[in-house]
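Asker: Given next are the chains, with one letter for each unit.
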Amino acid sequence: MSNDLFDGLSLLQDARPDAISTGLARDLFLAPENIIEAARRLLVADFHLEDISGLDTAEAILVNYHFNRFDRDERMALRVIAPHHCPSVPSIAAIYGGAEWHERELSDFFGVVFQGNPNPVPLLLAETGVETPLLKSEKDRISIKTVIRPGRIVHQDSSFTLFTPENSSDARPADTKEAEA
Amino acid sequence: MKHILSQEQICGDFYSRRFEENREEETLILNMGPQHPSTHGVLRVILSLDGEYIMRAEPVLGYLHRMHEAMAEHRTYLTYLPNMGRVDYLHAVAWNWAYVGAVERLGGIEVPTRAEYIRVITCELNRISSHLLWWGAYLLDLGAFTPIMYAFDDRELILDILQSVSGSRLTYSFLRPGGVAFDLPDAFLEEVRAFIPHLRSRLPMYKALVTDNTIMRHRCEQVGDLPLEMCQRYGATGPVVRGSGMAYDVRKAEPYGVYPQLDFQIPVESTCDAMGRYLVRMAELEQSLRILEQAVEAIPAGDCLVKGAPKPRWKAPAGESYFAVEGARGKIGVHLVSDGSATPYRCKLRAPGFSNLSLFAELAQGTLLSDAVSILGSLDLVIPEIDR
Amino acid sequence: MLKIILNPEFLHLILAAVAVMAFVAANGLVLVYMERKIAGHIQRRPGPYEVGWHGILQPIVDAGKLIGKQLFTPDGADGLLYWLAPIVSFVWVLPLFIPIPFGPKLIAYNMDLGIVLILAFAGVNLLALCMAGWGSNNKWSLLGAARAVAQSVAYEIPLLLSIVAVAFTSGSLSLGTAVQQQGGWPWQWNIMVQPLAFLIYFICALAETNRAPFDLPEAESELTAGFHTEYSGMTFGLFFLAEYANMIVVCAVATALFLGGWQGPVFPGVWWFLAKMYILLFIMIWLRWTYPRVRFDQLLNINWKWLLPLSLANLVMTALLTKLF
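Chains as they are written, first to last, in our numbering: chain V, 103 to 283; chain H, 66 to 453; chain B, 33 to 357.
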């Protein structure tokens with residue numbers, strides 16, 4: 103486990119989900135301004151970019167970055183919260199060139215703006231750029247807590263209250279029953 | 066350099082106008098596709114050529130975009146399964162597997178061993194048919210018109226075998242969460258046992274006719290130099306990264322199904338060029354035959370679908386899951402998010418071709434036009450999977 | 033006036049012109065069928081099968097189809113160049129048949145400088161390609177034409193040099209003389225004396241006629257259809273026929289210069305000529321369906337680094353040996 107990978111970087115939450123049911127080894131929430139530094143560290147640590155996907159929830163649009171390694175399976179999900187009224191995230195395309203297309207796809211589907219993307223024109227949808235097909239209507243959105251199961255929370259920033267016990271019945275900080283992921 | 070033509074004189078659409086804004090001096094802007102004999106499917110690449118050298122390339126996607134990810138949110142888990150065959154029609158069983166694997170992960174569904182073996186056999190047969198078509202089409206791009214006919218001849222046998230069990234020749238919707246839809250017909254294993262030596266006898270002829278051909282070697286060697294760090298930055302997987310020296314195969318890295326019990330190798334080439342990727346895929350044909358040999362002997366009796374498999378309108382438990390399989394083109398990933406209802410909340414399809422093609426703009430700079438065609442062929446692109 | 037028309041030489045020329053056109057047309061049909069049948073069998077399928085016995089009427093219905101297609105001028109194309117190109121391409125091939133000795137007495141016009149005529153007129157095909165490429169107002173055609181220019185200009189030189197080497201051995205630039213100096217049996221043919229020249233000539237012939245593996249100007253998978261992208265119907269048919277006519281010319285010249293022409297072990301005559309010509313045509317078709325295409329810079333490399341020095345060396349050797357013995 104690369105425990106020291108994000109030393110010095112302020113993470114909103116660092117958790118070890120159940121790998122069997124989620125397929126993830128590590129589940130991180132980051133503030134948008136930290137994603138570029140995190141990507142830089144992951145590149146140096148031989149991680150490759152699997153994909154960037156979006157999730158429209160009641161609280162915000164969640165931008166999920168999936169990274170993995172070539173020599174063993176250690177899937178990391180880095181999540182960045184983009185508020186609905188102003189969904190803007192820094193682009194990591196300068197570090198991971200493949201991110202350019204993933205980010206453009208996300209802009210098409212969710213309307214998220216990636217600042218610094220070298221070619222911010224629609225990738226898959228028409229160039230008019232008005233549709234956001236994967237954004238759901240207000241009543242159809244559900245809470246992040248329903249779908250994201252962080253598992254054993256190793257670190258949680260005090261300002262990040264989405265998964266504290268009073269908010270969610272699922273998150274179990276420092277629960278020793280959770281197997282070491 | 067500002068172009069000297071007025072806005073009305075520049076024809077083309079939004080993408081070619083935008084491409085021309087940063088035009089270099091003395092270059093020819095050429096539109097390759099979306100209708101073009103060698104961009105497989107509807108891929109469009111805008112090129113800026115200086116003579117025959119490519120100064121800048123930009124793929125333009127979306128001509129085959131059908132919004133599969135939105136369709137997922139309006140279908141139940143079972144009725145969405147046929148979409149997977151249409152995403153990459155050449156390796157439909159692998160996409161089926163990625164999706165049902167994600168559903169099984171989410172729902173904690175077990176799969177009987179016999180069903181696992183059936184999945185392996187059909188997936189490897191499908192991989193062989195995909196590689197054969199790639200081989201024929203790649204040589205068609207290079208100007209040899211005959212290998213595609215030979216490849217299709219062999220492929221017909223596989224299509225007949227897979228039709229006997231699944232009912233479809235190309236877009237299989239054969240897997241189910243919890244197993245497979247139908248058990249094998251009586252003659253199936255015998256047909257597979259007869260097919261293996263048949264293809265083995267054809268492979269030396271392909272090698273002598275094509276792989277050892279000087280002209281073909283000159284078209285592929287040292288073409289499209291793709292260093293490993295570039296694969297890492299773009300997330301390129303499959304034969305693309307194995308041709309650059311990294312032995313990464315999802316079947317070994319994130320084992321699924323009964324692959325841990327089967328003995329096979331991962332072919333790797335370290336030349337980083339189109340020839341390396343070509344040789345990797347040809348070697349994978351042999352490895353798939355090895356897997357088939359073992360699987361047809363080791364397949365047990367039993368159920369082909371677990372008792373209590375999801376029925377129509379099955380509700381998945383709330384949560385998310387990510388499942389990856391090794392497709393013919395690379396790592397296929399399905400990221401499924403469920404809110405506890407009968408339809409998925411979000412289904413993200415991670416297509417290997419998407420990441421593989423994204424490196425083309427950087428890779429094609431400074432190459433010849435003929436080399437660009439060779440590079441595109443060596444990446445083994447299927448545009449429906451890229452556009453989804 | 034009447035004296036000119038009734039002049040036997042003039043009549044002979046007119047008759048020969050008509051015969052040449054008939055020959056080219058007939059052979060064009062045969063070649064179309066042959067190409068598709070050979071392609072089919074190499075690819076393990078029967079080829080044309082429906083029309084007539086084993087598809088023998090296929091070329092005729094193909095011609096009918098091509099004639100029936102709509103003729104149009106692309107938007108922005110240069111009308112004169114666009115329409116002139118296929119005509120020039122086809123018509124200019126016909127004079128090439130004049131100096132070729134099909135049989136002991138079957139020559140349209142026995143010229144002393146037959147080889148010079150053939151080489152000179154063969155270059156005009158290039159002009160037709162350029163007109164097509166430029167006049168189509170299509171960047172793909174332009175690329176195809178540009179490639180054709182470089183390719184043809186490059187490969188003409190070793191072609192010329194290998195033919196001149198044979199001219200040295202036969203002592204004349206006339207094809208009829210070249211045939212008469214060879215014997216009926218294979219060891220008496222010029223190929224025994226000039227094997228390298230034959231090989232170089234054949235490779236250059238493939239390049240001059242834009243046949244695979246040198247078919248870059250019309251590279252289907254790279255340039256859509258190269259210089260004839262914008263042509264359909266009979267205009268395309270004319271380019272097609274011109275290509276086949278060119279193939280016939282180069283194979284006929286090879287037969288005359290290297291393989292003994294109409295001479296044979298027994299019963300010398302036009303049938304030997306046709307047989308040898310068709311064997312060479314078969315080899316050309318065979319090569320097309322077997323090999324991939326070379327890349328453009330590799331094409332030019334082959335020419336400038338290999339064929340040209342070799343043909344020069346061959347010529348010098350021939351000159352030396354001819355002078356010494």
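Calculated from the structure, these hints are not laboratory results. For glycine and all other residues, C-beta sits at the position ideal for the given N, C-alpha and C. Do not rely on the hints blindly, as some may be mistaken.
List time: in silico DSS-like cross-link candidates among lysine-lysine, alpha-carbon distance up to 25 Å [unchecked claim]:
| id | chain 1 | residue 1 | chain 2 | residue 2 |
| --- | --- | --- | --- | --- |
| 1 | V | Lys247 | H | Lys372 |
| 2 | B | Lys69 | B | Lys97 |
| 3 | B | Lys101 | B | Lys35 |
| 4 | H | Lys372 | V | Lys241 |
| 5 | H | Lys317 | V | Lys238 |
Stretch by stretch, here's where chain V covers chain H in the computed footprint (C-beta under 8 Å, at least three residues) [said to hold, decoys possible]:
| id | stretch |
| --- | --- |
| 6 | 243–250 |
| 7 | 277–284 |
| 8 | 288–301 |
Asker: Next step is simple, just say for each hint if it's right about the structure.
Answerer: The hints, checked one at a time:
This hinted pair does not check out: lysine 247 of chain V and lysine 372 of chain H have alpha carbons roughly 31 Å apart, beyond 25 Å. In summary, the hint linking lysine 69 of chain B to lysine 97 of chain B is supported, as the alpha carbons are separated by about 19 Å, within the 25 Å threshold. Between lysine 101 of chain B and lysine 35 of chain B the alpha-carbon distance is near 44 Å, which puts this suggested pair outside the 25 Å criterion. Taking the CA atoms of lysine 372 of chain H and lysine 241 of chain V, the gap is about 36 Å. The hint is violated against a cut of 25 Å.
Taking the CA atoms of lysine 317 of chain H and lysine 238 of chain V, the gap is near 38 Å; set against the 25 Å cutoff, the hint is violated. Judged by the Cβ-Cβ criterion of 8 Å, the stretch 243–250 of chain H is not covered by chain V as claimed, because only 0 of its residues qualify and three are needed. With 0 residues having a Cβ less than 8 Å from any Cβ of chain V, the stretch 277–284 of chain H misses the three-residue criterion, and the hint is violated. As drawn, the stretch 288–301 of chain H meets chain V at 7 residues by the rule of a beta-carbon pair under 8 Å; at three or more, the given contact holds.
Taken one by one, the earlier hints fail for this structure at numbers 1, 3, 4, 5, 6, 7, listed in ascending order.
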